[in-house]
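Protein sequence lines correspond, in order, to chains A and B.
Under our numbering, the letters of the first sequence match residues 1 to 264, in that order.
Under our numbering, the letters of the second sequence match residues 265 to 531, in that order.
I should point out that these hints are in silico values taken from the structure, not numbers from a laboratory.
Some hints could be false.
[As the list claims (entries may be wrong)] Straight line, CA to CA, 30 Å or less: simulated BS3-like cross-link-like pairs of lysine-lysine:
1. A/Lys236 with B/Lys281
2. A/Lys24 with B/Lys349
3. B/Lys382 with B/Lys350
4. B/Lys455 with B/Lys390
5. B/Lys281 with A/Lys24
Remember, predicted model here, so these are calculated numbers, not experimental data.
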Amino acid sequence: MSALVGYTGRVFLAGLHDFLTACKLLVDTAFWIVVAPLRGKGLRFRAATEQFVSVGYDSLPIVMLISLLLGAILAMQSAYQLESFGVGYLVPDLVAVAAMRELAPLMTAILITGRSGSAFTAEIGTMKVSEEIDALEVMGLNPIKYLVVPKFIGTTLAVPLVTAVATFTMIIGGFLLSALYLGQDATIYLERSADSVTAKDFATGFVKSVFFAIVICLVGVYRGFEVEGGAEGVGKKTTSSVVTSIFLVIVVDVIFTYMFFSEG
Amino acid sequence: MAYSAENLIEVSDLVVKYGDRAVLDGVTLNVRRGETIVILGGSGSGKSTLLRTLVGLMRPSAGCIMFDGMDFTQMSHEDQLELRKKMGVSFQSSALFGSMTVAENVSMPLYEHTKLEKSTIDIMVKIKLELVGLSGFEDYMPAELSGGMKKRAGLARAMAMDPEVIFYDEPSAGLDPIVGAGLDALILKLKQTFELTSIVVTHELASVELIADRVCMLDGGTVVGFGTLDEVKASPHSYVRQFFERRPNEEGEDEAAYLRTLTGGNA
Numbered sequence: 001m002s003a004l005v006g007y008t009g010r011v012f013l014a015g016l017h018d019f020l021t022a023c024k025l026l027v028d029t030a031f032w033i034v035v036a037p038l039r040g041k042g043l044r045f046r047a048a049t050e051q052f053v054s055v056g057y058d059s060l061p062i063v064m065l066i067s068l069l070l071g072a073i074l075a076m077q078s079a080y081q082l083e084s085f086g087v088g089y090l091v092p093d094l095v096a097v098a099a100m101r102e103l104a105p106l107m108t109a110i111l112i113t114g115r116s117g118s119a120f121t122a123e124i125g126t127m128k129v130s131e132e133i134d135a136l137e138v139m140g141l142n143p144i145k146y147l148v149v150p151k152f153i154g155t156t157l158a159v160p161l162v163t164a165v166a167t168f169t170m171i172i173g174g175f176l177l178s179a180l181y182l183g184q185d186a187t188i189y190l191e192r193s194a195d196s197v198t199a200k201d202f203a204t205g206f207v208k209s210v211f212f213a214i215v216i217c218l219v220g221v222y223r224g225f226e227v228e229g230g231a232e233g234v235g236k237k238t239t240s241s242v243v244t245s246i247f248l249v250i251v252v253d254v255i256f257t258y259m260f261f262s263e264g
Numbered sequence: 265m266a267y268s269a270e271n272l273i274e275v276s277d278l279v280v281k282y283g284d285r286a287v288l289d290g291v292t293l294n295v296r297r298g299e300t301i302v303i304l305g306g307s308g309s310g311k312s313t314l315l316r317t318l319v320g321l322m323r324p325s326a327g328c329i330m331f332d333g334m335d336f337t338q339m340s341h342e343d344q345l346e347l348r349k350k351m352g353v354s355f356q357s358s359a360l361f362g363s364m365t366v367a368e369n370v371s372m373p374l375y376e377h378t379k380l381e382k383s384t385i386d387i388m389v390k391i392k393l394e395l396v397g398l399s400g401f402e403d404y405m406p407a408e409l410s411g412g413m414k415k416r417a418g419l420a421r422a423m424a425m426d427p428e429v430i431f432y433d434e435p436s437a438g439l440d441p442i443v444g445a446g447l448d449a450l451i452l453k454l455k456q457t458f459e460l461t462s463i464v465v466t467h468e469l470a471s472v473e474l475i476a477d478r479v480c481m482l483d484g485g486t487v488v489g490f491g492t493l494d495e496v497k498a499s500p501h502s503y504v505r506q507f508f509e510r511r512p513n514e515e516g517e518d519e520a521a522y523l524r525t526l527t528g529g530n531a
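This is chain A alone, in the form it adopts within the complex (with noise of 0.2 Å):
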């Protein structure tokens, strides 16, 4: 029973002092985004806009297939259930709605953390283990300007941008499947799920996309810069980011979908 309690603790107190440490990197990234520049240090913008083209523009084309097959996915179980209490109409509201508030944004932050997540550990861990983040530093340059603030521009930038595409291919999906395979009229579809969103729907998704932007960059750069050891280090944090960031993402997800749903 004690060493239940003793991990239990132990446990908690790791992850007290992770959370800490990230928030510290968090404040950190947001002087040399906001702060530094107003002092003349500058910004790195090319650094910032080549992170979102990786992480956003690069990852446009998966995320757009995983969308459309998960639109004509979620069409299919919409009308199944739909279509026994005889309102098969209403699936474009359901395929627009839940892909709006909630699918589009999440299949986004998950695909982007495989894709870029995990990358921004590794660059770091790798950077870290050859020492590159130490000769940064004795030439006097900061690691959080230099590695963590392009990253953290690109990302925040880059996924709620992805996640509104994501969320036009998963209706187009729908739609496909709808007007193709369950006969449904094409213009009604389409009014119909033009209709059914409203701009809290909207604000839901981007306000949540936002956050996992956040969520997936921190991550993956604080995991990157906890690279201890060579290359058997960087592939344990790559792995530990991922989990990670996946599950922070899904918690976030949780919270923000409480606070739009119980406020009616």
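Given the structure of chain A, go ahead and fit chain B onto it with the hints provided.
Frame of chain A, contents of chain B only:
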């Protein structure tokens, strides 16, 4: 230790800890302007930690490091950054940025710390690369270079800001004797050409004889010998004697240590 203008760096009673374990325990030494100090010691003696502390990558828990009369450990972060521009560090793994070419690596500190025109920086990069014998390799990626060339490129980057003092972490580790000797010659050349103060961490006895003005020998985080190579070699200290005579640890000692590791240090 009283401050003397002759000394560029003065370290007194430096203590550095990993957790509760003191890796450096009261290290005191001075580095005169323009001399080459070699920090010698076995694995785990604390020599790499000393170097990392001197360049500001680790914080000491006690003691002070005076750099040109200013206390490096007490100054503000901004001042530390200024001071770091006067230091160059050549890393053991050369630590070149893998995503940048050799020229971009060398020019990086110049772009970040100076307002020079690109054309001027290009010329400076060429000069630095020529200095280390790497002319013509501007557009190579670090992965395309051999071990010795990487070290040289790292050195060119360390020299980019024309530092007053340069730190070398194991410059010839992992290199064949000929390439290693080439690096020793380069260290000597840089010292003579620029009157550079150099601090070299190594355990290669052959290069120590060639480059060292003075030697600081560490064991278990304390200085066990400090002076010219001949003075240190003449020391009666048992570890120093063992090191220079290349004698292995006694069997008995090893067994006791082995037993301690098996029992978690309680034997």
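Tested hints:
1. A/Lys236 with B/Lys281: holds, 27 Å
2. A/Lys24 with B/Lys349: holds, 27 Å
3. B/Lys382 with B/Lys350: holds, 22 Å
4. B/Lys455 with B/Lys390: holds, 20 Å
5. B/Lys281 with A/Lys24: holds, 23 Å
In summary, this structure violates none of the numbered hints.
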